[in-house]
Each structure stands twice: as C-alpha cells, then as structure tokens.
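Enquirer: Spelled out, the chains give:
2 protein chains.
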Amino acid sequence: MPQLRKDLTSRTWVVIASERGKRPHDFKVVPDQKKGEGNCPFCPGHEGETPPEVLALGRGEITPDIPGWKVRIVPNKFPALSQESVEPSFRDGPLVQRPGIGVHEVLVESPDHNSTFGTHSQEQMEQILGAMISRIKQLRADSRLEYVQLFKNVGRTAGASLEHTHCQLIATPIVPPVVDEELRCAHFYYEQYHSCVWCDLLTKAHENGLVVEASPHFAVICPFASRVPYQMLILPTRHGGEFESISQNELADLAAVLRRTVRKLEVAFNSPPYNLQWHISPLHEPGDYDRYFHWHLELLPRLTIAAGFELGSGIYINPTAPELAAQELREVKIDATTGI
Amino acid sequence: MPQLRKDLTSRTWVVIASERGKRPHDFKVVPDQKKGEGNCPFCPGHEGETPPEVLALGRGEITPDIPGWKVRIVPNKFPALSQESVEPSFRDGPLVQRPGIGVHEVLVESPDHNSTFGTHSQEQMEQILGAMISRIKQLRADSRLEYVQLFKNVGRTAGASLEHTHCQLIATPIVPPVVDEELRCAHFYYEQYHSCVWCDLLTKAHENGLVVEASPHFAVICPFASRVPYQMLILPTRHGGEFESISQNELADLAAVLRRTVRKLEVAFNSPPYNLQWHISPLHEPGDYDRYFHWHLELLPRLTIAAGFELGSGIYINPTAPELAAQELREVKIDATTGI
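Chains as they are written, first to last, in the numbering used here: chain A, 457 to 796; chain B, 457 to 796.
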C-alpha cells in the first residue's frame with residue numbers, strides 16, 4: 457500500500473509506491489552514443505578552445521592553457537551568469553528583476569576523456585575535490601556573490617551536453633531557493649528539537665536499514681523520503697556547514713566514498729544518467745548556520761521522469777522504497793579493475 | 457546580458473539568458489514513435505481492459521464499460537495513491553509518514569486514439585472540461601481528500617507512458633507543497649498590495665508585451681519569470697479560486713483557448729512534449745482563498761532539461777526571454793483544418 461513521507465529538510469512530500477518495488481533491472485537505461493574525443497574542447501591539446509583557465513592542478517609549468525594538467529577549471533563558454541551583467545534592477549508590482557551577476561565555470565576532471573567519478577584514481581578524485589575547495593575560497597572574495605553551486609550532470613537525459621568528464625560551478629548573487637528552504641527547515645527543526653535534522657536523519661537511517669555505506673568520516677544513505685529511486689545522500693559524520701573546511705583526511709575519505717558510490721551506480725544500472733549536487737553554506741551571510749546546517753551531497757539517478765503531477769504538486773511518486781534501494785546498493789559488487 | 461527574475465507566486469528565481477534568444481526552430485523535437493491503436497486499452501471496444509469506469513459522457517445507454525462514450529474516466533490501473541491504504545501514520549524525529557490515501561484516475565479524452573488538445577472539436581473539449589468539473593464536485597464529498605491535481609502529460613520525455621490522448625487526476629490527502637507555497641505567496645502579496653498577484657501579473661503582461669492571446673474570459677501569457685522556454689499561463693480574467701465554479705460561457709471560452717494554445721505549440725514545435733497542470737483551490741480548507749488565490753493553468757513545454765543546477769538550487773536557466781516567446785507565439789499561424 458502506498459505511503460506518504462515528508463522530507464523535513466525541504467517540506468517535500470513523496471509517495472512511496474512500495475508494492476512496485478522497482479529493482480535495478482526494472483529500469484531500462486540506454487547509454488548515450490559516444491562521440492569520442494575527436495573534437496573535444498576539454499581534451500589535452502585543445503586548451504585554446506576554452507576561455508583562459510582560472511585554475512589548473514598538476515602541471516609543473518607556469519605557462520597556462522597548455523597540456524600537462526590533471527584538473528583544470530575554465531569559464532563556461534556560454535555562461536548562464538556574468539560578472540559584467542549591467543542589466544537594471546527593478547521592482548514593478550509583481551515584476552522583480554536584478555542583473556544576472558555571477559560566475560559559471562567548468563571543472564574538467566581529468567585529461568582522460570572517458571574516465572568517470574566511478575573510475576578516476578583515488579589521487580585524481582582528491583585533486584578534483586581540492587580544486588573545488590580552492591575555487592570556493594577564491595570566490596569568497598567577491599562580496600557580490602552569495603552562494604557557490606557545485607554540480608555534475610552525467611548523461612544527455614540528465615542535461616549533460618559535453619561528454620568529457622566534468623563538473624560545473626555557478627556562483628549566484630542570491631541564496632538559491634532550495635538552499636534558502638533547507639536553511640529555514642533546518643532552523644525550524646533545530647528550534648523544535650535542539651539538534652541537527654541531518655544528524656538525526658543519519659541516526660534514523662542506521663536504525664531503519666537505510667545506510668548504503670558508513671566510512672570513517674562519511675555515510676551514504678537512501679533518504680527515508682527519497683524523491684526518486686536510488687536517491688542517495690552523502691553526509692559527513694562530523695556536523696558542520698562548510699564543505700571547504702574539511703580536513704585532508706576527510707577529503708581523502710570523501711574521494712574514496714564518492715568513487716565507490718558512483719561505481720556502484722554504474723555497475724548496477726549500466727552507467728545511468730544522474731545529477732550530483734553539493735549543498736553547502738552560503739558564502740557571506742553571517743548568522744549561525746553552522747549550528748543547524750549540515751553540508752551534504754545529493755545524488756539523483758535519472759531513472760524516472762518528473763511529469764505533470766510532480767511539477768504541479770511538488771509531490772514525487774517513487775516506485776522504489778528507499779529501504780529496498782539501500783539494500784540493493786549494499787549488495788552491488790564493485791569490480792576489482794578500478795582498484796577500489 | 458543575463459537577468460535574474462523572481463516569480464512572486466512561487467519564490468522561484470530564473471535566469472533569463474536573453475542573448476541566447478532561442479526561437480522555435482532552435483529546439484529539436486524528435487516526435488515519439490507511435491505504437492498506434494492496435495492494443496490500446498483506452499480505445500473503444502477495450503473497455504474491459506481498464507478498471508470499471510467512474511464516469512462516462514456521451515453514451516445514451518445506462519450499461520457501463522461499453523463503447524459509445526465521448527469522454528470516460530476510469531481508475532488508474534497502477535494508482536499512485538489508494539483509498540484503501542492502511543499504512544500506519546507515524547512521526548519519529550525527522551521521519552514523518554502517513555498512509556497514502558487518495559484517488560488516481562485517467563480521463564480518456566476521446567474515442568479517437570490520435571486526437572489531441574490541439575485537434576479535438578470544440579464540443580469534445582467542452583465535454584472534457586465538463587467531466588473534470590463533475591469529478592471534482594464528486595470528490596469533494598470525501599472529507600479525507602484535500603486537493604485534486606488535474607494534469608496532462610504529452611510525449612514520452614514529458615512522462616507519458618500511454619499515447620491515447622488522456623488527462624490524469626490525483627486527489628491527495630494533503631495540500632501539495634507547490635499549491636501550499638502559492639497560497640502563502642499570494643497571501644503575502646495580498647497583505648502587501650491589497651490585490652491579487654495574478655490579476656496584477658495579467659495587467660503587467662499587457663503592459664510588457666507578454667500576452668499571447670486575450671479572449672473574452674481568459675488570457676494566455678508568457679510569465680515574466682518563465683522557468684522554461686515558451687512557458688504559458690492560462691488565466692481567467694475574472695478573479696476567483698475555483699475552476700469548478702466557472703459558467704457555461706467561460707467553459708466554452710476556455711475550451712476554445714486551450715485548443716488554440718496547444719495547436720500553436722504543435723504547429724510551432726512539431727508537436728513537442730509538454731505538461732499541463734491545473735492550479736486550483738484546495739477542496740475543504742475553509743479560509744479566504746478566494747480573496748487572494750486565482751486559479752490558472754500552467755503549460756510547460758519540455759524543450760530543455762532541468763539538470764543539476766536547477767535541482768540543487770531551484771534557480772532555472774531559460775534561454776528564451778518570455779517577451780520573445782510571447783511574440784513568436786502570437787505570430788504562429790494555426791492551420792485551418794482544425795476549424796479553430
């Protein structure tokens with residue numbers, strides 16, 4: 457029988473249609489046709505085809521925009537937001553507009569066109585996370601920016617347009633609505649229970665068989681109110697709001713957890729499309745976020761389609777109970793070739 | 457230069473990447489391969505393949521579940537919610553669950569497998585809207601239900617799994633989050649300006665070239681803060697919260713407006729996937745919704761994909777300014793064959 461569950465971190469409701477019990481083989485994933493590395497602007501030797509790099513790791517030389525890098529961050533050639541936007545701000549009754557000031561960059565994760573979060577080496581993944589943290593710290597200097605959204609789209613149906621393995625970063629002049637809502641919800645929960653909603657979700661995940669993996673510093677769980685099948689949350693076990701203040705040990709552990717988690721998804725679902733989002737504290741707002749906000753990563757496999765009901769109501773229909781999803785994911789055997 | 461616009465009816469922000477200025481021919485729509493009517497459970501003669509009908513219009517006979525109907529409402533064979541759900545309610549710290557009580561039905565719009573909202577006759581469309589209204593009025597009797605979500609998915613990438621022209625109806629035991637947020641936002645606006653946010657949006661749409669069509673009783677506008685290219689709002693010009701209390705004249709006008717609006721989309725984009733949602737007042741809550749809530753239809757063409765940035769932030773990147781979208785849509789010539 458269907459259950460309605462509420463996600464207290466977002467006020468979202470989901471219908472868990474548990475009797476459907478969709479397992480990995482029930483989802484047909486058709487891999488994208490690969491274009492290959494022929495004309496890829498992110499492959500080594502094509503550095504001139506992107507705007508000049510803003511950060512590169514692993515290249516000994518000082519000369520920018522030449523091969524030799526391990527990780528490279530470049531401005532997006534077609535940025536959604538621009539630091540030069542001079543559009544006017546105005547308010548006219550129900551119309552509200554501001555200039556689209558911001559930063560939109562691409563993090564090229566590896567010189568290897570075909571590597572993935574599931575097949576990168578441990579060292580490569582650590583460099584990727586290190587580059588993200590460096591860039592967040594740099595962007596903090598621009599007082600016009602309020603938030604840095606880090607995300608990764610894999611597969612055409614998840615919105616990826618270029619296939620060379622990459623993440624993106626969009627810095628916005630506002631605290632985005634999803635983050636704002638999470639902050640409100642977490643604050644409300646904190647006022648009620650005097651504890652962090654994510655810390656409590658983690659405790660309850662252990663009690664209810666929702667944990668996919670617990671590493672020294674992180675846990676991977678299928679949220680009790682998962683919006684989509686096989687949704688995962690990667691939570692640091694140490695409470696805190698700032699991704700960029702993790703220790704070197706924590707960073708190494710996160711790199712290993714991310715590699716294993718994505719590899720499981722790749723093995724179980726034949727490399728499905730997915731979106732991965734960082735949920736972190738805003739850049740500048742003072743406040744006491746650290747008391748009640750707990751940074752985390754959200755991994756959303758794109759195995760189903762949000763349709764009219766979801767768009768109109770904000771209620772999601774999930775045909776796989778998260779308890780089943782966690783169990784299936786725990787049992788996935790990761791191949792030894794990746795050395796994980 | 458990009459602009460940031462806020463939708464005051466949902467607290468959503470959008471980036472209008474106006475310099476991209478994507479016109480209809482910039483979006484490649486690949487029509488779904490049609491399976492045809494061979495084994496369609498919604499075609500006349502197959503009435504036994506659906507659960508017993510709850511409503512049928514146009515058939516003289518009293519015998520149910522035989523051909524002769526013009527519009528037919530049947531329970532969904534795989535309902536998301538069920539009136540029989542006996543799952544327990546509980547609250548355990550951050551875990552919240554309720555039984556998934558509700559109704560999930562399919563409105564088969566026509567005996568004609570291949571007709572669409574853009575090609576139905578005027579009479580057919582009036583019967584469809586009439587059937588919806590009858591069903592909402594019946595469902596109001598069940599005090600466990602708080603909302604009726606009417607919606608329509610067209611095309612596989614918009615979530616449609618059956619191709620025979622149909623709408624769906626899901627009645628929920630909660631006011632859905634999107635509706636709840638709209639009610640809050642509209643109430644907040646009303647307190648500030650002593651007027652309805654949708655009435656004001658309509659006035660401003662006229663002043664800013666955002667109107668696609670103004671009929672005697674309805675207006676079709678591209679919202680100032682459109683989340684997706686060619687998004688449209690169909691608004692009654694008479695303020696009010698209840699779809700089901702429209703007059704016969706208004707119903708006939710809405711039928712004509714819907715036919716023209718969808719036909720324009722079909723002609724301009726080669727029958728693209730889209731979602732259409734009714735936003736109406738909750739069923740039972742007393743309150744003064746009628747003062748500040750204004751029912752409407754939201755039409756979302758699925759020409760772009762919501763990816764990690766949208767999912768993580770709740771900010772949407774729209775490559776077509778709504779001013780351009782409205783202009784393009786005004787200029788679409790509807791073919792005469794449909795008699796519209």
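Rather than coming from a laboratory, the hints here were simulated on the basis of the structure.
Be a bit skeptical, because a hint or two may be false.
[Said to hold, decoys possible] Every beta carbon over 12 Å from chain B, so not counted as near; a handful from chain A, in silico: (1) S474; (2) V510; (3) L513; (4) H569; (5) S590; (6) I592; (7) P672; (8) H673; (9) T693; (10) D709; (11) R786.
[What the hints assert, rightly or not] Covered stretches of chain A, as calculated for chain B (at least 3 residues, CB under 8 Å): (12) 534-543; (13) 617-631; (14) 717-727; (15) 753-763.
Built from N, CA and C at the ideal position, the CB exists for glycine as well.
Enquirer: If any of the earlier hints don't hold here, list their numbers in rising order.
Expert: Those not satisfied are hints 1 and 14.
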